[in-house]
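Asker: So the sequences go chain by chain: A and B. Under the numbering used here, the residue at position 38 of the first sequence is numbered 40, and the numbers go up by one with no gaps. Under the numbering used here, the residue at position 187 of the second sequence is numbered 197, and the numbers go up by one with no gaps.
Take these hints with a grain of salt, some might be off.
Stated by the list, open to error - Partial selection, computed: residues in chain A whose CB lies under 10 Å from chain B:
id: 1; residue: A34
id: 2; residue: T55
id: 3; residue: G58
id: 4; residue: A59
id: 5; residue: E74
id: 6; residue: G79
id: 7; residue: L123
id: 8; residue: L124
id: 9; residue: R142
Derived from the structure by calculation, the hints contain no laboratory data. Treat the numbers as computed from the prediction; the structure is a model and nothing was measured. Glycine included, C-beta positions come from ideal geometry on N, C-alpha and C.
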Amino acid sequence: MAQARIESQAEMSSVGVVPKGRSWAASLEAGAVTGATGGALMMATLMVQTAATGYGALFPLNLIGATFRGPEALVGGTSVMLSGLLMHVVTSVVFGTMFSMAVLRRPRLAPTLVTGIAYGLLILLFMTYVALPYANPTMRQRVIGAPGTWFFSHVAFGLGVGMAPLIKRRFRSRPQAHAQPIIAAEP
Amino acid sequence: METRRIVIVAGILLAPALVVAQGVPGTRKSPAGWPAVAEVANQNALRYSHEVIARIRQMNEIELRAGQMAQVRAGTPEARRYGRLLVADHATADRRLVDYGARKLGMQRGPREEVTPVDRDLMAEHVAATERMATLSGAEFDDAFLSMMVSDHQSAVNLLETARETVDDPDLKMIFTKMLPILRQDLWIAQTLLGG
Numbered sequence: 003m004a005q006a007r008i009e010s011q012a013e014m015s016s017v018g019v020v021p022k023g024r025s026w027a028a029s030l031e032a033g034a035v036t037g038a039t040g041g042a043l044m045m046a047t048l049m050v051q052t053a054a055t056g057y058g059a060l061f062p063l064n065l066i067g068a069t070f071r072g073p074e075a076l077v078g079g080t081s082v083m084l085s086g087l088l089m090h091v092v093t094s095v096v097f098g099t100m101f102s103m104a105v106l107r108r109p110r111l112a113p114t115l116v117t118g119i120a121y122g123l124l125i126l127l128f129m130t131y132v133a134l135p136y137a138n139p140t141m142r143q144r145v146i147g148a149p150g151t152w153f154f155s156h157v158a159f160g161l162g163v164g165m166a167p168l169i170k171r172r173f174r175s176r177p178q179a180h181a182q183p184i185i186a187a188e189p
Numbered sequence: 011m012e013t014r015r016i017v018i019v020a021g022i023l024l025a026p027a028l029v030v031a032q033g034v035p036g037t038r039k040s041p042a043g044w045p046a047v048a049e050v051a052n053q054n055a056l057r058y059s060h061e062v063i064a065r066i067r068q069m070n071e072i073e074l075r076a077g078q079m080a081q082v083r084a085g086t087p088e089a090r091r092y093g094r095l096l097v098a099d100h101a102t103a104d105r106r107l108v109d110y111g112a113r114k115l116g117m118q119r120g121p122r123e124e125v126t127p128v129d130r131d132l133m134a135e136h137v138a139a140t141e142r143m144a145t146l147s148g149a150e151f152d153d154a155f156l157s158m159m160v161s162d163h164q165s166a167v168n169l170l171e172t173a174r175e176t177v178d179d180p181d182l183k184m185i186f187t188k189m190l191p192i193l194r195q196d197l198w199i200a201q202t203l204l205g206g
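Based on the provided sequences and hints, a complete structural model is requested.
Answerer: Put into structure tokens, the structure is as follows:
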């Protein structure tokens with residue numbers, strides 16, 4: 003029986019065929035975007051809280067910047083905030099990529115959102131008890147005093163990374179120049 | 011040998027009775043007509059908590075005023091940001107103390123309670139110091155403000171460390187435990203800005 007000849011990338015996506023090398027690349031790209039999304043949601047949560055309590059909306063960046071400068075970073079200016087922003091983005095992308103690589107190839111959204119929230123809370127425990135005491139005790143001493151905000155910011159991060167299935171599908175369906183063409187079987 | 015054994019056994023049997031006769035700490039029997047020792051101890055503890063909270067709220071009020079002034083009069087952006095940080099930190103600390111006082115001690119939410127004459131004199135001194143600072147600006151203001159913050163925060167850290175060891179209520183101890191690192195950070199920043 004003659005087999006259909008697959009002519010275009012769009013046809014490959016429509017029949018669920020993924021070119022070799024696309025899966026890993028898609029996961030990495032999706033992970034970066036997922037992590038950035040989660041990081042943005044987390045930062046928005048923190049910024050709302052610090053703005054509401056008189057510290058200023060950009061104070062979370064000072065807190066993260068204290069990784070490099072210590073308590074003095076809390077009164078730092080643009081350079082401190084930029085270093086804090088960079089640190090946050092890198093950390094978010096790394097954690098988001100780890101989650102995206104671990105997510106099933108064709109996951110459903112709802113369970114992944116729940117898993118994402120659980121992942122976010124796992125990161126909360128890791129940051130609070132492992133990373134921050136050594137890397138940024140200044141920040142740790144302050145987040146311990148605001149446990150509710152710290153909790154919800156990690157839930158927000160988890161929701162962001164939990165959208166990995168949506169983002170992964172988008173990357174899979176996007177035609178890429180480097181994808182290897184599949185030679186269709188001759189009739 | 012036999013006698014010694016009897017004495018040891020008697021001692022083991024009588025020891026709990028001796029402890030009971032002493033009473034569990036805090037619940038010893040008082041003479042008839044006197045308030046129970048535990049009740050007196052509890053009233054003293056409540057009064058002490060009131061005084062400690064009033065003293066710390068006074069401290070918060072002083073730092074809040076200085077921080078608000080610094081946001082307007084400070085010469086450097088760092089000193090202005092430090093002023094904002096102080097206002098936020100001490101407002102947060104005050105809210106926690108007010109919530110605790112209202113919940114556990116029946117204190118009214120609102121302005122702090124009247125403190126002892128010694129504290130009134132201290133407050134008058136600080137008011138005079140901030141009035142002098144209000145005539146300064148730029149680098150002169152920064153020096154005066156930061157010097158005041160270094161000495162005030164050193165006193166505040168000592169006060170809170172003592173209070174944390176002496177108050178009874180674990181909730182109040184926890185509030186002081188959370189406040190102390192923030193105060194130490196504020197002290198560090200003031201020292202760094204003053205030295206720099």
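Asker: Against this structure, judge whether each hint is valid.
Answerer: Evaluated hints:
no. : hint : in the structure
1   : A34  : 33 Å, violated
2   : T55  : 6 Å, holds
3   : G58  : 7 Å, holds
4   : A59  : 12 Å, violated
5   : E74  : 5 Å, holds
6   : G79  : 6 Å, holds
7   : L123 : 22 Å, violated
8   : L124 : 24 Å, violated
9   : R142 : 9 Å, holds
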